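Participant: Single-letter residue listing:
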Amino acid sequence: MAKKIGIEVSLAISEAVKLADVDAIAAYPITPQTHIVEHLSELVADGELNAEFIPVESEHSAMSVCAGTSAAGARTYTATSSQGLALMNEILFIIPALRLPVVMTLANRSMSGPISIWNDHSDLMSVRDTGWISIFAENGQEAFDLTLQSFKIAEDHRVMLPINVNIDGFTLSHVIEPHEFLSQEEVDSFLPPYDPPLQLNPDKPVSMGMVGIPEIYFEAKKAQDVALVESKAVIKEIFQEFGEKFGRTYNVIESYRTEDAETLLLTMGSISETAMEAIDMMKDEQGKKVGLLRLRLWRPFPTDELRELVKGIKTLAVIDRAVSFGGTGAPVGGEIRSALYSTEDRPYVASFIAGLGGRDVTIKDFMDMVTLAEKMETEQEVHEYKMIGVRE
Amino acid sequence: MDALNVYAAKLAPQQESLAPGHRACQGCAELLAVRLVAKTLGHDFIIANATGCLEIVTSSYPHTAWKVPWIHVAFENAAAVASGVEAGIKILKKKGKYPVDREIKIVAQAGDGGTVDIGLQALSGALERGHDFTYICYDNEAYMNTGIQRSSSTPYGAATTTSPAGKESIGQVTMKKNVVEIAAAHNIPYVATASPSYPFDLMEKVRKAADAKGPAYIHVLAPCPTGWRLAPNLALSIGRLAVETKVFPLYEIVDGQYKMTVEYKHHRPVIDYLKPQGRFRHLQESNIEFIQQYVDASYEQLLKKIKMSEG
Ligand SMILES: Cc1ncc(C[n+]2csc(CCOP(=O)(O)OP(=O)(O)O)c2C)c(N)n1
Ligand code: SF4
Numbered sequence: 001m002a003k004k005i006g007i008e009v010s011l012a013i014s015e016a017v018k019l020a021d022v023d024a025i026a027a028y029p030i031t032p033q034t035h036i037v038e039h040l041s042e043l044v045a046d047g048e049l050n051a052e053f054i055p056v057e058s059e060h061s062a063m064s065v066c067a068g069t070s071a072a073g074a075r076t077y078t079a080t081s082s083q084g085l086a087l088m089n090e091i092l093f094i095i096p097a098l099r100l101p102v103v104m105t106l107a108n109r110s111m112s113g114p115i116s117i118w119n120d121h122s123d124l125m126s127v128r129d130t131g132w133i134s135i136f137a138e139n140g141q142e143a144f145d146l147t148l149q150s151f152k153i154a155e156d157h158r159v160m161l162p163i164n165v166n167i168d169g170f171t172l173s174h175v176i177e178p179h180e181f182l183s184q185e186e187v188d189s190f191l192p193p194y195d196p197p198l199q200l201n202p203d204k205p206v207s208m209g210m211v212g213i214p215e216i217y218f219e220a221k222k223a224q225d226v227a228l229v230e231s232k233a234v235i236k237e238i239f240q241e242f243g244e245k246f247g248r249t250y251n252v253i254e255s256y257r258t259e260d261a262e263t264l265l266l267t268m269g270s271i272s273e274t275a276m277e278a279i280d281m282m283k284d285e286q287g288k289k290v291g292l293l294r295l296r297l298w299r300p301f302p303t304d305e306l307r308e309l310v311k312g313i314k315t316l317a318v319i320d321r322a323v324s325f326g327g328t329g330a331p332v333g334g335e336i337r338s339a340l341y342s343t344e345d346r347p348y349v350a351s352f353i354a355g356l357g358g359r360d361v362t363i364k365d366f367m368d369m370v371t372l373a374e375k376m377e378t379e380q381e382v383h384e385y386k387m388i389g390v391r392e
Numbered sequence: 001m002d003a004l005n006v007y008a009a010k011l012a013p014q015q016e017s018l019a020p021g022h023r024a025c026q027g028c029a030e031l032l033a034v035r036l037v038a039k040t041l042g043h044d045f046i047i048a049n050a051t052g053c054l055e056i057v058t059s060s061y062p063h064t065a066w067k068v069p070w071i072h073v074a075f076e077n078a079a080a081v082a083s084g085v086e087a088g089i090k091i092l093k094k095k096g097k098y099p100v101d102r103e104i105k106i107v108a109q110a111g112d113g114g115t116v117d118i119g120l121q122a123l124s125g126a127l128e129r130g131h132d133f134t135y136i137c138y139d140n141e142a143y144m145n146t147g148i149q150r151s152s153s154t155p156y157g158a159a160t161t162t163s164p165a166g167k168e169s170i171g172q173v174t175m176k177k178n179v180v181e182i183a184a185a186h187n188i189p190y191v192a193t194a195s196p197s198y199p200f201d202l203m204e205k206v207r208k209a210a211d212a213k214g215p216a217y218i219h220v221l222a223p224c225p226t227g228w229r230l231a232p233n234l235a236l237s238i239g240r241l242a243v244e245t246k247v248f249p250l251y252e253i254v255d256g257q258y259k260m261t262v263e264y265k266h267h268r269p270v271i272d273y274l275k276p277q278g279r280f281r282h283l284q285e286s287n288i289e290f291i292q293q294y295v296d297a298s299y300e301q302l303l304k305k306i307k308m309s310e311g
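Listed in order, the protein sequences are those of chains A and B.
Read in my numbering, the first sequence has 274 at position 274, and its numbers run on one by one without any break.
Read in my numbering, the second sequence has 44 at position 44, and its numbers run on one by one without any break.
Take every hint as true, because none was put in to throw you off.
For the chain A half of the interface with chain B, some residues (derived, Cβ under 7 Å), not all of them:
id, residue
1, 56
2, 65
3, 69
4, 202
5, 211
6, 216
The calculated label-pair distances, taken between Cβ atoms and stated as ranges, are:
id, chain 1, residue 1, chain 2, residue 2, range
7, A, 55, B, 95, 17 to 25 Å
8, B, 43, A, 307, 53 to 61 Å
9, A, 114, B, 101, 53 to 61 Å
10, B, 229, A, 214, 27 to 35 Å
11, B, 259, A, 116, 51 to 59 Å
12, A, 55, B, 174, 29 to 37 Å
13, B, 100, A, 241, 27 to 35 Å
14, A, 220, B, 101, 34 to 42 Å
15, B, 162, A, 241, 52 to 60 Å
None of these hints come from the bench; they were simulated from the model.
This structure is a prediction, so every number in the text was calculated from the model and none was measured.
Don't be surprised by glycine CBs; every beta carbon is placed ideally from N, CA and C.
So that you can see chain A by itself, here it is in the shape it has in the complex (with noise of 0.2 Å):
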């Protein structure tokens, strides 16, 4: 195996493009993204990555340009962060209805206002039902493992629609960790060039983007909800193949430590690392019943995966990173609930929302967490969400 070189989780990310030996890239830049692009552009300065790089003057144009690239049957990447994401969020419902296998990484970071550079993820989460299948990376490594098997992913002919992989803005973009990279050759055996069953192309044309008449539209948004939730098996069986060949094995929800526990935290993100941290001292110093839930694969969503490992759980404690507004829980929080109301003896469900805007999620505040969960559950409480280390 490669020896591990120590880079940040940025360009690491940029390398695995190269190395995925990507087309077109088309970019805006927004913070806390643009050192993947910048490193992509200078890739492409260098000769070192033989493709297109479009420096476009808005998100909108950026997503815009990868419907293009991508129709015309390029391997096609961009980057994003909040704004950008929210100004392209016209074209990210279009992207998948057309069955384009877009890749992006966004960056993730808080919406405005107040204007906010840090980190949470309200900005994947105010596009998550344009049909992208999302994905989550805790670290460097996962970040630039996952990135090469999205394009795998995406350009599947069982699944052909984009994915974005999600890193956490600064708390991971910007920090440079040990990476273990593959050579050309490995990524080479697993990644096959990209193999458009339709594109632009004059000795077959197709129209694609039509108008979609009552008599047909309901149709084409079951066919593309059916894709998305078959996609799940396409990403388990490349997950696997992945691990099979590099040792890396991934799967669509993360367990830590879930042997005995009666009480589950569960996270996305970079947090979990510091969610993990607490998990021991609880178990180790405390001997309290814990364990970690992960959650990798946001959209489709895993609800098999999550009811089989939430049997016999009493508690669980769902710590969001957004706030869907006079909701009935935070988005990831509500959506568990909802995933589990139809199972037998299912847990206690609390739903929390901590860390916003690039607050500090710390080890006592996932003990307070459990904690808490834990007297909500004996005493039932009938509670939408929590928010968790906001000053009052």
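Given the coordinates of chain A, work out where chain B with the ligands should sit on it, guided by the hints.
Facilitator: For chain B with the ligands alone, kept in the frame of chain A given last:
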């Protein structure tokens, strides 16, 4: 050499890339213009189309009027999508993954709304980046697809559903935005105005635009019987009147050099153009006089640019 390029009825290409089975209104000049564009370009081109009449009437799934590859993504991004298609094909050819010896033209097309208002940013970005593509604006002077609302290409005095004529208003109160000049300000190799009422002039311009190395922009005046409150059989003659009255002069800007392509010794008064159209029905004599002065002044300005190009 120019003379060898001249199109005439018998020399015009026979093939049709736009099939007759579309759903446009009777007498729509926009669809005729599109057909001429498609004829000129043959089969080796790809279209990125904006939302609007043209998209709606040609692509109702499962039917399509397009015999060439065609993509529609959204309202304001035809130029950006075309940029992507152009860049995508360029790199795929470079990597040997796309028919290398085929010269494939990329065309973006949109209405005036998708060009002069909401799509202006994407258009400017694409022109500035220098993609090798032709952008065609079919200007029917309002948002027709959503029901004849004003755009910034709607001419002064025209009544639309969001610039209605009333006791306190004459309809549209601003002057038509000059997108031709905006496009030209990007210093692109080819910019032109065109009209389906002058089919061979239009076809030649399309050919030149497609052959230009880099971005080209063509602004086509597309009379819309529905929105202009005009009898369907009059769309083409009103297009001629637009030129004969100096309202819509036909010219081109090749590498910055202006040239009139259709000239009249004597011009008709602007009232001849306004009169048949219901959208101008409410105008008073003084309004028409004002419009006449504005048209004369704009035309003079254009002549100056042409003179400067000559001299
Ligand atoms: C972002 C967005 N805003 C509004 C619309 C609604 N819309 C669709 S077509 C159209 C007007 C099209 O006008 P124009 O570009 O002039 O083309 P025409 O239909 O007149 O040929 C509008 C406003 C839309 N599709 N997308
Ligand atoms: S509304 Fe006007 S532009 Fe649209 S199809 Fe009808 S005539 Fe043509």
